[in-house]
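Generate coordinates for the entire structure from the input sequences, incorporating the hints supplied.
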Amino acid sequence: MTKEEKPVPLTKLPDVCVRCATCMAACPVSRVTPRFPGPKQAGPGAQRFRSAAEASVDDWIDLCTGCRLCDTVCPAGVPISEMNMMAKAKYLDERGRTFRDWLLVRSDLFGEMAARYSKIVNPLLKKKVVRWLLDALLRIDRRRALPAYEHPTFRRWFRTRQAPKGGGPEVAYFYGCFTNTNETDVGKAAVEILEAHGLKVVVPPQRCCGIPRLGVGDLRRAREMGRRNVDFLLRTVRGLDIVFSSTSCGLMLRHEYGPLLHLPGAEELARRLFDICEYLLGLHEEGKPAATFQPIPLKAAYFAPCHLRSLDIGLPALELLRRVPGLDVSLVEAECCGLGGLYGFKKEKFAIAEEIGKDLTEAIARMKPDIILTDCEGCRMQIRHLTGLKVLHPVQLLRDALERQGEEIHRVPVESFNYLG
Amino acid sequence: MKRFDLIVIGTGLAGLTAARTAIGMGAKVLIVGRGMGALTLFGNTVDLLGEIPPDTEMEEGISRWIASHPEHPYARTGWEGIESAIAAFQELFPPPYNFAAAGRGNSLLPTGAGTMRPTWLIPVTMAAGAAMTPAETLIVGFRGFKDFQGDTVSLHMKCRGVTLPLPRYGLEGLTAPALARLMDETSFRERLGEAIRQQMAGERFIGLPAVLGLRDPAAVLKTLETITGARVFEIPMLPPSIPGTRIFHRFREELIAKGATFRMGHPVSGAVVKDGRCEGIRIDNPPLVAEYRADRFILATGRFLGGGLWAEMERIIEPVFDIPVFQPGERGQWFGERFFEPEAHPIHRAGVVTDADLRPVDTLGRVVLANLRAAGSILAHHQAIEEKSREGIDIATGFLAAKKALAL
Ligand SMILES: Cc1cc2nc3c(=O)[nH]c(=O)nc-3n(C[C@H](O)[C@H](O)[C@H](O)COP(=O)(O)OP(=O)(O)OC[C@H]3O[C@@H](n4cnc5c(N)ncnc54)[C@H](O)[C@@H]3O)c2cc1C
Ligand code: SF4
Ligand code: SF4
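Listed in order, the protein sequences are those of chains R and F.
The first sequence maps to residues 1 to 421 in our numbering.
The second sequence maps to residues 1 to 408 in our numbering.
Among these hints, one or two may not hold up.
With a straight-line Cα cutoff of 35 Å, these simulated DSBU-like cross-link-like pairs (lysine-lysine) come out [said to hold, decoys possible]:
(1) R:Lys358 <-> R:Lys200
(2) R:Lys288 <-> F:Lys28
(3) F:Lys2 <-> R:Lys299
(4) R:Lys368 <-> F:Lys222
(5) F:Lys222 <-> F:Lys146
(6) F:Lys222 <-> R:Lys12
Keep in mind the hints are simulated off the structure, nothing from the lab.
Because the structure is a prediction, the values reported are computed rather than measured.
Structure representation (structure tokens):
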């Protein structure tokens with residue numbers, strides 16, 4: 001062992017792997033390309049040969065999307081995706097990250113600005129020549145539509161809106177960057193549905209959760225961002241539960257801040273964090289004050305994002321949606337949408353993301369749904385891109401199904417997605 | 001806190017069967033597993049008792065087996081229990097991708113090692129393997145596909161064999177799931193079928209590695225049979241098993257559609273026990289520990305590979321409830337002289353001993369926890385590998401455990 005190498009806990013040693021290859025049945029990437037050797041090889045297999053003192057040779061490690069599906073099926077509890085991420089971090093530390101990666105992971109910083117100037121920014125992002133330039137200069141694939149920005153941001157909307165009168169127990173909401181600047185209606189729906197369950201919503205100060213940084217193996221900055229969030233949120237959780245509507249942000253806050261990034265206070269925070277549907281379903285099941293839903297006669301397909309599976313809380317959105325009368329909802333039998341966060345925007349990975357997405361597209365085509373529902377913004381973007389169909393967060397449909405006094409006809413689900421296709 | 005009628009621990013074939021049986025009885029079910037279970041390793045066909053000779057009728061063979069093995073899990077279920085559990089399994093796989101027995105006793109099917117192996121229920125994609133004769137069979141392997149050595153298979157089976165390049169450039173090194181996915185594509189399998197047809201010299205059977213599609217294997221089979229004019233069969237091979245993955249997916253789809261809560265990826269780390277009953281379980285999902293409550297529990301965590309049994313220095317333990325485990329003597333006596341012995345290594349006898357209702361008991365035969373049952377390979381006194389009884393034990397005891405649990 002060289003000086004730089006710290007002892008690894010026994011449960012995280014590659015020798016925990018029994019070489020059963022179960023993870024190979026789950027990996028969406030090695031299922032579509034022989035360029036990536038799959039979790040068994042890329043994770044514990046290659047780990048035996050890795051050393052902090054020697055340069056990385058595993059060029060393909062960057063092809064792991066970090067979906068964590070391998071972790072969910074391994075019978076031996078091997079932290080496969082974590083091994084991959086660490087190896088990727090080392091590989092990219094040595095090779096250097098591109099300007100594109102530098103830029104993409106900072107979308108939280110320019111997002112607020114872009115939202116403010118969305119009238120200018122959105123038409124630009126739509127322009128062929130701009131997309132061509134982004135492709136040629138930054139290797140952001142021009143076939144991938146870029147999400148439009150919305151003004152005002154969710155945060156601003158929340159601050160300036162006429163809050164409903166009356167009390168009720170408080171709950172805090174972690175909205176995430178994409179909801180704030182690109183899909184504000186998800187945030188509005190989250191607030192409305194929580195209020196309809198008799199809760200008073202507060203929105204604590206918050207920053208990007210940092211998961212995009214993990215995608216480019218930048219653990220140092222992910223930790224910095226995490227530390228800021230823990231500081232902000234701890235004050236809140238010392239009294240309140242926090243719900244999140246983005247499964248990826250939620251996974252990062254709840255399960256990576258502590259076990260991976262070792263942030264002080266992470267455990268205290270994790271105990272009071274809930275997926276919004278998990279939280280609402282809990283209210284319904286425990287007989288607490290809950291909203292009632294009016295019929296929505298639609299055929300819906302629900303897709304369970306990878307990071308929701310990693311949260312390992314079952315499928316609370318599906319269970320909640322089943323409580324909407326008239327809604328014919330079933331689960332899409334597909335494993336992964338393929339986008340992998342920023343992965344699918346990258347030119348060299350676009351084809352892989354498309355190929356993974358094909359299985360999902362075909363599964364949806366067989367179901368012929370009126371509407372698709374899924375909890376992750378990445379999945380929503382990808383499914384819109386692949387199918388051209390209407391894709392919502394489950395809370396948007398639930399909000400539309402709320403029984404309102406004096407309102408006979410339910411609202412038509414939001415039409416404007418501000419999605420440049 | 002949410003309360004379930006039944007919590008099943010283990011997402012292998014035994015746990016999946018128990019959960020499905022319970023759902024069918026109207027129960028509110030949570031099923032949890034730390035990984036996917038052995039289906040993706042060995043799951044291909046359904047063995048009941050490969051040990052009995054192919055010319056013996058299955059019911060007769062098993063009834064005799066039960067009479068001479070009163071401690072075997074089959075002695076708990078009886079032939080009737082096996083029969084109804086197997087029928088329920090078959091219902092889950094309606095045609096065209098169905099499972100059926102090829103005769104009144106075991107049938108011999110070719111394996112990826114080039115041997116013939118006895119089994120009971122056969123998926124439609126392997127059925128022709130039970131009818132093949134070496135002289136009339138062509139074994140097809142794929143260039144660059146390491147998990148299936150067509151040459152070895154054909155050599156051992158005394159058939160003719162060919163190794164074909166895949167009909168698309170740049171696919172060498174693909175894994176079984178990747179190949180299976182490509183087979184689901186009509187144009188790919190049509191081109192493959194055409195390439196196989198060109199190699200044929202009057203054969204009536206074609207054996208391929210078991211990668212004939214994940215989504216619609218019966219359609220893959222049909223395309224290949226139509227183009228080649230021969231009967232096509234899959235040959236089970238190294239893990240991950242595609243046929244086993246199909247079984248897992250079918251169960252998961254059914255369970256979720258019928259309202260079961262399905263959790264996978266984290267281990268059950270302990271139980272809440274009070275007054276001789278189990279009240280709840282804890283699932284480790286760092287940094288959190290989630291607690292779930294239920295009225296009844298079924299333990300179907302498998303053996304050593306999945307962590308259902310754990311070998312300490314001198315003792316074998318059951319880590320979730322720490323219930324008594326039948327010990328195969330001292331460590332020096334656990335293993336035979338050689339790895340491949342005709343007799344099972346004594347360690348394989350280890351496991352959980354139960355009463356007739358599948359409730360774990362201690363050495364004095366006393367029930368340990370009134371509302372806990374055990375099912376599947378974790379049970380003691382079977383030698384699933386040597387007897388070739390793995391799936392039969394899983395399905396029959398999973399079914400019985402759920403029936404008994406909910407009859408409370
Ligand atoms: C998919 C797969 C394919 C394989 N292929 C081959 C092959 O082709 N050729 C080959 O030779 N081998 C192969 N092996 C390896 C071989 O089968 C096993 O490693 C070995 O036989 C262990 O037996 P087991 O399965 O009963 O042990 P396991 O089920 O792995 O259980 C091992 C037990 O031993 C205990 N243990 C380990 N060390 C100690 C210790 N020091 N003190 C006390 N207890 C300990 C552990 O706690 C564990 O409970 C393969 C293994 C797998 C999983
Ligand atoms: S994290 Fe996803 S992409 Fe990476 S190895 Fe695991 S399953 Fe494959
Ligand atoms: S599933 Fe786990 S134990 Fe099996 S090969 Fe993959 S990493 Fe190893």
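Each hint tested on the structure:
For the proposed pair Lys358 of chain R and Lys200 of chain R, the alpha carbon gap of about 41 Å is over 35 Å, so the pair is violated. Between Lys288 of chain R and Lys28 of chain F the CA atoms are separated by roughly 20 Å; this keeps the pair inside 35 Å, and the hint holds. For the hint linking Lys2 of chain F to Lys299 of chain R, the alpha-carbon distance of about 28 Å falls within 35 Å, and the restraint holds. For the hint linking Lys368 of chain R to Lys222 of chain F, the alpha-carbon distance of about 25 Å falls within 35 Å, and the restraint holds.
The hinted pair formed by Lys222 of chain F and Lys146 of chain F meets the criterion: a straight-line CA distance of about 26 Å does not exceed 35 Å. For the hint pairing Lys222 of chain F with Lys12 of chain R, the CA-to-CA distance comes to about 45 Å; that exceeds 35 Å, so the pair is violated.
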